[in-house]
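**Student:** In case you want the letters, here they are:
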Amino acid sequence: MTSELTLNHYLWVSGLLFALGIAGVIIRRNALVIFMALEMNLNAANLALIAFSKYNKIVDGQVFVFFIIAIAAAEVAVGLAIIVALYKRKQTVSVNELNSMRL
Amino acid sequence: MENLLTIAILLPLASAFLAFLLPAKKPGAIRALALFATGVSLLLTLYIFSQFDRQNAGYQFVKSIEWLPSFGIHLKFGVDGISMVLLLLVGIVSFCGALVSHEIHDREKEYYILFLALTSGISGTFCAMDMFFFYFFYELAVIPMYLLIGMYGSLPAGKHGRTKEYATMKLTLYLTAGAVLALVGLLTMYYAGGRTFDMVQLRENLRGSGLNQKWVFAALLFGFGFLASLFPFHTWSPIGYAAAPTAASMMHAGVLKKLGTYGIIRLALPLLPEGARQWVDLLAILACFNILYAGLAALTQKDWKFVIGYSSVSHMGYIMLGIATLNVVGVTGAVLLMFAHGVMAALTFSLIGFFYHQTHNRNVPDLSGLARKIPFIGVCMVMAVMASSGLPGFANFASEVMVFIGAWSQGSTLFRIATICAVWGIVVTATYLLWAVRTSFFGPFDEKWNMLNDATTLKQKFPYALLLVVLLVVGFWPRTLIDIIKPSVAKQVLSQTVEPKTAMVETR
Amino acid sequence: MNPVWIILFAPLCAAAVITLLTRKSQTFSALISCAAILTGFVITMQLFLQKGEWVSPAPLQWLVVGDLVKIEFGATIDRLSILMLLVVTGVGSAIHIYSLGYMKGDPGFSRFFACLSLFTFSMLGIVLSNNFIQIFIFWELVGVSSYLLIGFWFEKHSAAEAGKKAFLTNRIGDFGMMLGVLLLWTNTGTFSFAELPAKIAAIPAGTLSVIGVLIFCGAVGKSAQFPLHVWLPDAMEGPTPVSALIHAATMVAAGVYMLCRVSFVILPSETALTLIAWIGGITALMAATIAIAQNDIKRILAYSTLSQLGYMVMAVGLAGITPAMFHLTTHAFFKALLFLGAGSVIHAMHHEQDIWKMGGLWKKTPITFITFLIGTLALAGVYPLSGFYSKDQILLLALEHNKVLFAMGAFTAFLTAYYMGRECFVVFFGKPRDNHAYDHAHESPLVMTLPLVFLAVLSIAGGWGEYVPNFLTGGEELEAHHEAWKGFALLLVPAAGFLLSAKIYLKANPSDAPVKAALGRAWTWVENKYYFDELYAWIIKYVQGTIATLCELFDRWVLQKFGIGGLAGTTSVAGKTLRLLQTGNIQSYAFMFGLGVTVIIYYVVVK
Amino acid sequence: MNFHDTLFWFFSIAMLLCGVLVIANRNPVASAMCLVLMFLFMAGLFVLLEAFFIAAIQVLVYAGAVMVLFLFVIMLLDIKASERRRFAYLGVLGGVVVAGAFVWELRIILSKPVTSLQTGTADLSAGLENVVKPLFQHYMLPFEVTALLLLVAMVGVVLLSKKDLK
Amino acid sequence: MNLYATQLECLLVILGIGTLLTDAFRPGGNRRALGYTLATLVFITLLYSFTIHPVNETLFHKMYRLDAFALFFKRLFLLATAFVLLMGAEFAERFETGVAEFYALVLLAATGMLIIASVNDFILLFVALELVTITFYVLTSFLRRQTQSLEAGTKYLILGALSSGFTVYGIAYIFGTTGTTNFDKLAGILHAQAGTPVPPFILGMLLVLTGLGFKIASVPFQIWAPDVYQGAPTPVTAFLAVGSKAAGFALLLRVMLAGLLPVASVWMPVILVLSAATLVYGNLGAISQRNIKRLLGYSSIGHAGYMLMGLAAVNQLGAQAVMFYLAQYAFTNLCAFLVIVAVGRNEISEYAGLGKRSPILGAALFLAMASLAGVPPLSGFFGKFQLFAAVIQAAQTDSRFYVLALIGSGAVVVSLYYYFNVARAIYIEEATDITPLPISLPMRAALYVCMIAMLGLGIYQRPLVEAATLAAGVFGLR
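Residue numbers (my numbering), protein chains in the order written: chain A, 1 to 103; chain E, 104 to 611; chain G, 612 to 1218; chain P, 1219 to 1384; chain U, 1385 to 1862.
If you're looking for bench data, these hints aren't it; they were derived computationally from the structure.
Be careful, since some hints might not be right.
[Unchecked claim] Computed beta-carbon distance windows for the label pairs: (1) I1818/U / Q461/E: 24 to 34 Å; (2) L1353/P / H1575/U: 24 to 34 Å; (3) S1733/U / A127/E: 49 to 59 Å; (4) K810/G / Q461/E: 50 to 60 Å; (5) K1330/P / H1575/U: 52 to 62 Å; (6) Y1147/G / A127/E: 54 to 64 Å; (7) Y1147/G / L385/E: 29 to 39 Å; (8) L1353/P / Q1530/U: 40 to 50 Å.
Beta carbons are placed, not taken as given, at the ideal position from N, Cα and C, and that holds for glycine.
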């Protein structure tokens, strides 16, 4: 019995996840959680890539995902480092207190 | 010969760079350099003038250097009758400007650098045969003007609470606004005319090209109109002059302003004849506003420089009117008036500068009977005022009469009315100028001006005398210039513009 | 080199030389100036006496634009111009010499002669012009030189004002003239007096009369006709020789001369003629009435000048070119004489000008008295003095064309005799009222009295044998269009005038009281010159002033504040509002980021 | 509705739920936990898509390294359920609007089945090498760059969190 | 061959790692000297780069190009790097820590940019882009004792990560709908398939555009620029303004004109609108700024708008105009930032009387401002001139461009206002303190280089124009 799953199913899932990611970034004020949301964005992209490379039978997608994951890891490392430094300085990770520069 | 022209144009700029290297501690040397540069380029200009072939209406002494082939840009200088006359104007005014600049005592180095750069920029614009360099030099005036006024200017406090910073910024913005507007038009012509910036070439190519001239002409007309203080874009002008130091007002009122009208004559009229015909009526109306409106506004002014500022706005109106006639007489008159008014304005501002430098007060009612203390300046001022109110014997009269004749013979009722306004404008001009002279130079002498010193030495008198002589010579024998201007106007400017049927032609 | 050029340019050179070189040395300056005009006089004499036709010199092409505009600089030499040359140089020479004495010791001595020469140059220019533009040029130059001379004592408030007033009033007239010239040109395509007459016929009648009137405006300004007459009395602020030369003999007459010169434009148009005639008549009468109530010795003469000019203009209006020129000539003689006499009196009285402070001077200054008397009689038109002939011609002309004008003219003649009588009697007879001044009064030096005598002779003989008109008309006799008795009948008019004034003023302590009583309200009106000055002041102040202020306010508020300021304001406000997006809050940033993306996608993909 | 599909639906719904929870949780630690789960379900989806290698990496790197990092930092800063008001209501509104808009647009974009203009023939289920080999041949340059990137990250982290400041 | 193509990158990497090692082995050496040395070395590399010739075929399996375009940008980046290193050296005292690391990071970021200059594949693009971006996260928050620096870092981090999320997602869709990530193949495929592309592809394209738009700070992704410019250490700000922005444009040009040219009709209007919006936002926002770095932040948005005009025109002239503009913009901005570093103050009011305090600094800053305002005879003028020319050329076929040109004109006028306000502070206003400012010799030299470059390129534009023409030629536009 064949699967009636199509590429679009996967794209929908990734799309929804991506939307969630954006929403998260906008909604949350905790820098860490914002960062998690950003990770979700990347994952959404990964899912789309994998799905594409499956259905188009092209391997490059998977390779790209490999790079993305690696880079994401690095990004997280640096990002968290900055957040830590920020916390040391201001004793908070709540981004809406970062408005010493405006207008 | 060709090189002489180029030298005459670029020498001041070169000496500006030279002055940049000189130590700021030796203002004397720098001043001498400035005098030398302007003086030499004046002499060169005179020589070129003497060599100018009056029969030949085309460009002469053309020097062309390939500059940017991918754009077809050439550094191309040449003079025809029109630019010859105006180049002469630049030479005279800049030299006199340098002469009267001794009143500057602070940061001379920067001052002369800017002044020289300005001079080159203006003469470059007048002689450029390449549209790109025309624009380049045109915009070149922005920096020097801004700084000259900003750094060395002075605005008697509380003129509607405006500062010199305000004045110079306003002036700069207007100049640029007009320039970019014109740029859009110029570039459109560039593409419509087969991608050449060469004015002569472009003129050939534009003929019969399907370019919709109406809006392009509008862009040029108003773009250049900003600088020519065309109503209602004139408000920068009086306050700008009021704030500027003497030499700067001389250069600005005398020559820089003429760049606007020159742009219209040199680019808009010949290259876009159809467009021209669609806009002249409006231009004529605006010109009348310039003449009467500004004249009347001048009646209410108290500050000498504001009076002259408004009067120069009003005089630009005559030039505009002359341009609007689109016939040889009118346009020739306009060009001659550009020259005459340039010299006259320079003279007036330099004279104001002379006594303002001592009195630190140029409020007409505060001055009285100065003529006793500074008779020479007084006499010059009276003559300047007479010239400015179109008295025969001075260049202005001849040119104004030509403008009147041109406008009147243009035939349409609108232009008839415009002419009447213009002629009445002369009465208005005389009214406020005579008032100013009569109040501040005549009448009982006010002891508080006892410290005034007149221009006694020849060195002091020279610039004023020179300007006066020029006015008188041209006034007594206008053909010195008209014979040069007229053929070029006919061939370079109007050969494609069918002259409107004039009432006179009908009767002939 | 045609001698005419010498006549014309000698004074100019004199002026230039004086201003540039000999300003320091008064004697030299004076000599140069006098020499210049005398040369002119001599050469003119030659031309005048020369037999046969005169040759006009070849004109220079002064301003040429293609074949469209050709403005020449030339000289017309014909009977008209020669007569005028004679008047200008002759009377001018006399006055130059007179000034040597009168201006002695004035700090601006050299400047005075420079200006005088400049004026002479411009005046001669008007006389010689051979086209409209040229005449307009010298027209203006005359204006400016009179401006300079009226304001000669520029530190005197009133003098400076008067100069300005004169210049501007003339400008208004010139405004009309310029338009007239332009209109004429567009209809004929030429400015030249030589070519024009042929082309006049082509012009439609309506246009022609408009042209005529417009050109007449110029004359109204220059010859101080109603309603532009207000500047002439104030012009008396200038030194007396100036008043004599410019504001009596020559410049003010230039208007009339110009009208005669371009008569070919005016004569064909009935409307123009009528207007001119009436303006002339009105001016004559009005000025005469004002004159009866003035106290300044020179102002009285000024008003009489006005009314005499009125006569001339009226004559032109009645198509009487010859009478007009005739009266112009004689008037130049006796009015110059009168002014110089007045000047000599003023000189004697140490610059006192109020007639009521004088009196009994005939003993002190006999020559002045006699010559002044001659002038008076001539002016009043007493037989056989020159005034009689010229005035008669005009009045009789009026008589046969227009009875009303004749009446006005006659009454004016009566008034003329009356106020001149008044002046004479008050100044020279009766008891001295200011004894101190009277004791120091003295006859003027020879340089001043000599010209008086010279002019006196002319004023006596100027009219004999109707020589001037004959010369003008080229010898052929005017048809005697009037019987002699009419002329002599007219003698009764001045006689009456003199008698009346004698009755009132020929006494020890004369005063205006009886006249005041008789005239009542009218007196205040004439005393205040019908309030013209006030009226004009009001107009300038309120009408022009208001418009100007409106413009200025519009400029400052509408254009600068609302226009430019508004534009700038909106820009910066827009900037400020835009920058409100820059909250510094990352969440809002992210929101805008996301929103931006979605909006773009919406517009590209969905729509 | 075969087994494969069932799994798909299960994984996706669960993953999205976790995603929602990550955002909705007041406590960062809880968010982090949900995130781990999300990653794992994602790995599941990868498996369904026959991307076994990537799935493995996903579990190792994300669920392993990254999450540990997160938790570590959270503990380090001992951020308690910090935010009083959990959300700024404007923020919520904005987030919902943007996300909603995006999804709505996605509905139009994905209305038709997405196809590629060009498809390959690679058999992804064949095993590691056809994923890994390109990494060292075809994709050598990006690989190197990634290495550099990791170096940068290292240096940066050290700099930013180094204790002593000279 | 590959090595030949990547030698510049290799050199920079070696320099970077070398720096780290030297610091590791002999800590506490003379930081300034190190900076100057590195700057010199990079400068030498720049000179050396002129011996390298373009390579026609693509390298690294079609991922990497060394065409004229790439070389043009590589040189630009090298130049920027040299100056930034110099600034870093001047700035050294103000870092609490890790000056050597700072240099190293700058060098590594530069490496990333050099690669960016020649990417020909989305995967490499993303990786290189991330290399640059992540390095900038660190650099921006380098002054970790200063709240503003950290704040700027965080903002840049979060928004940057967000944008890279978009980019990846976009790349995914492009890959999914075309089956390739390689620009050449992409162009080929798109060219073969007529008609407007399918919505998913457009989505991908737009998301990629988003990512790049973030880098060049174009509306609506400009929002981070002012804050980050203000907060970051001045040398980093300079690097952002010159390097990172140029990198963004290099990518934008490469992607749009090489990969996506066949579908230009779809993205051109977007760029058109974005350009207009960016012009308005940047110039209006800058009007009443008091902090000069923030002012330059806004102005950099404005200039992004100008350059987008060139891209929107989609013609040879436009492309070359953008490149010319970037080059002269580099000199101009570097000049400005050099002065800011030298003065060490950020409030415009504190620049009052600079012309008196130090004529050379005053002149330099004034010229920079004038050039940014686009006034002759400075290079900025010709840059704008070319851009306007390109727009008008496009307008010959599509009159919408006239509107763009007019908006551009308005922007020029407005920008003149706020730039000349700085000029006014320098020359017109009276100095608050008149202590003369000392300038190190290298700084002085650098200033002279910049000024000469600004004037030279303004007056004799030919060499650079020809280089740009050559570089833009690779796209084979009309």
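**Student:** Look at each hint and say if it fits the structure.
**Tutor:** We went through each hint and held it up to the structure:
1. Distance hint for I1818/U and Q461/E: a CB-CB separation of about 30 Å, consistent with the stated range 24 to 34 Å.
2. Range check, L1353/P to H1575/U: Cβ separation about 30 Å, and the 24 to 34 Å hint holds.
3. For the pair S1733/U and A127/E, the supplied restraint of 49 to 59 Å is violated, since their beta-carbon distance comes to about 26 Å.
4. Roughly 57 Å separates the CB atoms of K810/G and Q461/E, a value that falls within the hinted 50 to 60 Å.
5. Restraint check, K1330/P to H1575/U: a C-beta distance of roughly 23 Å breaks the suggested window 52 to 62 Å.
6. Between Y1147/G and A127/E, the C-beta spacing of about 59 Å keeps the proposed range 54 to 64 Å intact.
7. Taken as a hint, the range 29 to 39 Å holds for the pair Y1147/G and L385/E, whose Cβ atoms sit roughly 36 Å apart.
8. Separated by about 41 Å at the C-beta atoms, L1353/P and Q1530/U satisfy the suggested range of 40 to 50 Å.
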